[in-house]
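> Here is what each chain is made of, one letter per residue.
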Amino acid sequence: MAGSTEFAPVSEALSLLAAKTHPAGPPLWLLAELTYQCPLHCVFCYNPTQHARIKDELTTAQWVDVMRQARKLGAAQLGFSGGEPLVRDDLEELVQEAHALGYYTNLITSGVGLTETRAQRLKDAGLDHVQLSFQDSTRELNDFLSHTKTFELKQKVARLIKAHDWPMVMNCVLHRHNLPHVGQIIEMALALDAEYLELANTQYYGWAWVNRDHLMPTHEQLIEAEAVVNRYREKIGQRCKLLFVVPDYFEQRPKACMNGWGSVFLSVAPDGVAMPCHNARDLPGLKLPNVRDMALADIWQKSQAFNAFRGEDWMKPPCRSCDERHNDFGGCHCQAFLITGDATQADPVCSKSPHHEKVVQLVKQAPAMRHIPIVFRSDAESRVLHPQA
Amino acid sequence: MIPSRPKLSRRFRLQYEEAQSRWVLLYPEGMVQLNDSAAEILKRCDGERTVPGIVSELEAAFSVQGLTPQVESLLEEGGRRGWID
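Same order as they appear, the protein sequences are chains L and G.
Read in numbering that gives the first Met the number 0, the first sequence has 2 at position 3, and its numbers run on one by one without any break.
Read in numbering that gives the first Met the number 0, the second sequence has 47 at position 48, and its numbers run on one by one without any break.
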């Protein structure tokens, strides 16, 4: 096999060269984060903790322009998110425009603000689907974690969604407090006729990163929860699709974050900042473009930020020569930055990363760190964490 | 089980995407990228046409014979994935 080892580096060099000159494919997903304002105060929110310092939301006309440009580039899925997108009173207008442009439109909501009147208007505007978040199957925990009395309201909204014949994705963020309830959470999704249930193990960004010690489950909790999910999958078949988002701190390989940087996903923040990932705002070394200053095609194809981790040129060992680099693209840069201080490192979730032990320690040390108070997301806490922008 | 008159589920939207030069199925937060033959079959799943009807239409349109197995296998796959009612 001398021949193959001899020729391997040559073919690798050629493929790197090809990656470098290969133009970006189309974005398929546009995430429109309409506002960072939210009536809830969830401890696991992934929004940037400096949200209260981020002002100057895009206008209706600017959003319409963004949607037109992104559609022209190829985006077909459009998520209206936030914050709580229903805070924007122009949501119906934006949905109508998106529908006319040919997008499949998704509303990603806490349910707060989805009244009968607005639901009907959104239906008329052509909204295709609603994703509704729940914090737990119990009122106590739902209301505690969101620091609001919203449990009954969410039940009501779920029924409203079904009454308008929308397909419904229910989303529940999982952590050590509600993992033992996963069976009841599934039962609730079934009772409310959800077509999909996203059991989203907490991803530690934004407020969730601040509160990670309070949220961190044990390995045993995860194994038990996944077993419950698998039992239900066998029992319910196609009736409701159960998605169990991997708890990546407990894995040996990183997630294929965003399906690769600048590959299919385009996120626009409330202030017009365009990002290859909605958590990328804090990554050092990125010159984040704004849709107010630059055409979306140039942002997608030419901007420094969208090319920073596109392809493989950025990779260091162990990713550079790893035979799994096409599966996970090196994982998540935000996670690499939060944990190693360097966004160009391999995602330390990977057991091949020289920093993997830091992830192991984050899990291990969590119980001992719970004397630090839990921080509910709020404008006031945001200003405390970020004294001045 | 293939229905006698297959119909694309109302939970999926079949759409041509210019930027990708192909047909796709859109559903909540997701997209299936279809090859040309799958798209040609699904386009005809309107709840009116029968399976043999779809087959003969495609055989005539593309001047080929013996498409029954291909159509049936796509419809079975579509049934498993919930595309077909």
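Everything labelled a hint here was simulated from the structure, so no lab data went into it.
Quick caveat, the model's predicted, so the values are computed rather than measured.
Glycine is no exception: its CB is placed at the ideal position from the N, C-alpha and C atoms.
Do not rely on the hints blindly, as some may be mistaken.
[Said to hold, decoys possible] So, partial list: chain L residues that the calculated Cβ filter (under 7 angstroms) puts toward chain G:
hint	residue
1	25
2	128
3	163
4	236
[To be verified] Now the in silico label distances, taken between C-beta atoms and shown as ranges:
hint	chain 1	residue 1	chain 2	residue 2	range
5	G	13	L	60	25 to 35 angstroms
6	L	89	G	17	24 to 34 angstroms
7	G	17	L	54	45 to 55 angstroms
8	L	223	G	61	47 to 57 angstroms
9	G	13	L	235	23 to 33 angstroms
[To be verified] Dumping the calculated SDA-like pairs for lysine to any residue here, alpha-carbon to alpha-carbon at most 20 angstroms:
hint	chain 1	residue 1	chain 2	residue 2
10	L	71	G	63
11	L	234	G	79
12	G	42	L	189
13	L	234	G	6
14	L	286	L	272
15	L	240	G	63
16	L	240	L	228
17	G	42	G	63
18	L	71	G	29
19	L	161	L	179
20	L	122	G	80
21	G	6	L	272
> All hints, please: hold or fail.
Quick rundown of the hints versus the structure:
1. A least Cβ separation of about 4 angstroms between residue 25 of chain L and chain G falls short of the 7 angstroms threshold, and the interface hint therefore holds.
2. Against a cut-off of 7 angstroms between C-beta atoms, the interface hint on residue 128 of chain L holds, since the closest Cβ of chain G lies about 4 angstroms away.
3. Nearest Cβ of chain G to the Cβ of residue 163 of chain L: about 14 angstroms, over the 7 angstroms cut. The hint is violated.
4. Nearest Cβ of chain G to the Cβ of residue 236 of chain L: about 10 angstroms, over the 7 angstroms cut. The hint is violated.
5. At roughly 32 angstroms, the beta carbons of residue 13 of chain G and residue 60 of chain L sit within the given window of 25 to 35 angstroms.
6. Judged by the Cβ atoms, the range 24 to 34 angstroms given for residue 89 of chain L and residue 17 of chain G holds: they are separated by roughly 27 angstroms.
7. Separation of residue 17 of chain G from residue 54 of chain L is about 37 angstroms and departs from the stated range, judged on CB atoms against 45 to 55 angstroms.
8. One distance hint, 47 to 57 angstroms for the beta-carbon pair residue 223 of chain L and residue 61 of chain G, holds here, with the actual separation near 53 angstroms.
9. In this structure the supplied range 23 to 33 angstroms holds for residue 13 of chain G paired with residue 235 of chain L, their Cβ-Cβ distance being about 27 angstroms.
10. Distance restraint check for residue 71 of chain L and residue 63 of chain G: the Cα-Cα separation of roughly 36 angstroms exceeds the 20 angstroms cut-off, and the hinted pair is therefore not satisfied.
11. Under the criterion of a C-alpha separation no larger than 20 angstroms, the hint pairing residue 234 of chain L with residue 79 of chain G is consistent with the structure, at around 16 angstroms.
12. Between residue 42 of chain G and residue 189 of chain L, the direct Cα distance comes to roughly 31 angstroms. Violation of the 20 angstroms bound is thereby established for this hinted pair.
13. For the hint pairing residue 234 of chain L with residue 6 of chain G, the CA-to-CA distance comes to about 26 angstroms; that exceeds 20 angstroms, so the pair is violated.
14. For the hint linking residue 286 of chain L to residue 272 of chain L, the alpha-carbon distance of about 10 angstroms falls within 20 angstroms, and the restraint holds.
15. For the given pair, residue 240 of chain L sits about 38 angstroms from residue 63 of chain G by alpha-carbon distance, which is inconsistent with the 20 angstroms threshold.
16. Restraint check: the Cα-Cα separation between residue 240 of chain L and residue 228 of chain L comes to about 10 angstroms, which is no more than 20 angstroms; the hinted pair holds.
17. Straight-line distance between C-alpha atoms of residue 42 of chain G and residue 63 of chain G comes to about 18 angstroms, which keeps the hinted pair within the 20 angstroms bound.
18. Note on residue 71 of chain L and residue 29 of chain G: the hinted pairing holds, with a Cα-Cα distance of about 19 angstroms set against a maximum of 20 angstroms.
19. Note on residue 161 of chain L and residue 179 of chain L: the hinted pairing is violated, with a Cα-Cα distance of about 27 angstroms set against a maximum of 20 angstroms.
20. Distance hint between residue 122 of chain L and residue 80 of chain G is unfulfilled; the C-alpha atoms sit about 26 angstroms from each other, more than 20 angstroms.
21. This hinted pair does not check out: residue 6 of chain G and residue 272 of chain L have alpha carbons roughly 42 angstroms apart, beyond 20 angstroms.
When held up to the earlier numbered hints, the structure conflicts with 3, 4, 7, 10, 12, 13, 15, 19, 20 and 21 and fits the remainder.
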